[in-house]
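J.: Chain residues, written in single-letter form:
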Amino acid sequence: GAGVSQSPRYKVAKRGQDVALRCDPISGHVSLFWYQQALGQGPEFLTYFQNEAQLDKSGLPSDRFFAERPEGSVSTLKIQRTQQEDSAVYLCASSVAGLAGFIEQFFGPGTRLTVL
Amino acid sequence: SQQGEEDPQALSIQEGENATMNCSYKTSINNLQWYRQNSGRGLVHLILIRSNEREKHSGRLRVTLDTSKKSSSLLITASRAADTASYFCATDDLRAGSYQLTFGKGTKLSVIP
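Protein chains in written order, with my numbering: chain A, 1 to 116; chain B, 117 to 229.
Don't take each hint at face value.
Pairs of lysine-lysine, DSS-like flavour, derived with a Cα cap of 27 angstroms [to be verified]:
hint, chain 1, residue 1, chain 2, residue 2
1, A, LYS57, B, LYS142
2, B, LYS142, A, LYS11
3, B, LYS142, B, LYS172
4, A, LYS57, B, LYS221
Output of the computed footprint for chain A on chain B, the stretches with three or more beta carbons under 8 angstroms from beta carbons of chain A [stated by the list, open to error]:
hint, region
5, 160-166
6, 216-229
Not close to chain B: a few residues of chain A, all C-beta gaps over 12 angstroms, as computed [claimed, not checked]:
hint, residue
7, VAL12
8, PRO43
9, ASP63
10, VAL74
11, SER87
Keep in mind that the hints were calculated from the coordinates and are not lab data.
We treat Cβ as the ideally placed atom computed from N, Cα and C, and that holds for glycine.
Here chain A stands alone, though its shape is the one from the complex (with noise of 0.2 angstroms):
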């Protein structure tokens, strides 16, 4: 069956643009992970969905990143008046369900966002 798909794969952006990056999980997981992966880093915890409940936000960077997921399967990430620094890769994950130590998540290709 189909993984986890992202769009779009590659975002430029100018300084001060506002962005929105699509994740599609797979199909019946109702775990959706955000994560922000730097250049040589590993990937950071961003957000985290249980159905269309945002239940952890304490990863986002500052009040200009904003994560939905209205009906509890697509999700998109908003970045607005975007900066040099949230240049990065954008990687979405889901799982079945529960916690996420027990449960294996399968993450998507990514977005990589450059902010010019």
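With chain A fixed as given, assemble chain B onto it according to the hints.
T.: The following block gives chain B in isolation, referenced to the frame of chain A:
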């Protein structure tokens, strides 16, 4: 901030040799996972070891976990060129209600044919 630290940061070996990567973490965990990331692609789950386990095998992979030292190692035996990738350890958190995976900075493995 990231919890784990992988060691070494980069490793270059000949095809057929074994590769060992280490990971240290800071907090108490339920379990530890290892992921592989090929250049420009997403993360692929390799193996999970629970906090009450000391060693686990999967194919050419062997993982050990020492909770007293808060460390883990990943051994890849008989390496192949296709094993070239970055390898990350990831831990969850014992705090109730925690959903996060916390990743280390990764080890970049190059297997030379």
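J.: Just want to verify: SER87/A was marked as not at the interface with chain B; is every Cβ pair farther apart than 12 angstroms?
T.: 16 angstroms, holds
J.: If I take the minimum Cβ distance from PRO43/A to any residue of chain B, is it greater than 12 angstroms?
T.: 5 angstroms, violated
J.: Does the claim that VAL12/A lies off the interface hold, with its Cβ farther than 12 angstroms from every Cβ of chain B?
T.: Correct as stated: the minimum Cβ-Cβ distance to chain B is 16 angstroms, above 12 angstroms.
J.: Under a C-beta cut-off of less than 8 angstroms, do 3 or more residues of the region 216-229 of chain B approach chain A closely enough to confirm the stated coverage?
T.: n = 7 at 8 angstroms, threshold three: holds.
J.: Under the criterion that the straight-line Cα-Cα distance not exceed 27 angstroms, is the pair LYS142/B, LYS11/A satisfied?
T.: Roughly 35 angstroms separates the two Cα atoms, so the pair is violated.
J.: According to the definition I'm using, a residue is off the interface if its beta carbon is farther than 12 angstroms from all beta carbons of the partner; does ASP63/A meet that for chain B?
T.: 20 angstroms, holds
J.: Is the Cβ of VAL74/A farther than 12 angstroms from every Cβ of chain B?
T.: Its Cβ never comes within 12 angstroms of chain B, the nearest being 17 angstroms, so this holds.
J.: Please verify the coverage claim for the region 160-166 of chain B: does it have three or more residues whose C-beta sits within 8 angstroms of some C-beta in chain A?
T.: holds (count 3)
J.: Given the hint that LYS57/A pairs with LYS221/B, does the C-alpha gap stay at or below 27 angstroms?
T.: 22 angstroms, holds
J.: Given the hinted pair LYS142/B and LYS172/B, is their Cα-Cα distance within 27 angstroms?
T.: Holds, at about 21 angstroms.
J.: So if I understand the rule, the pair passes when the alpha-carbon distance is 27 angstroms or less; does LYS57/A with LYS142/B pass?
T.: 22 angstroms, holds
Against the hints set out earlier in the document, violations occur for numbers 2, 8.
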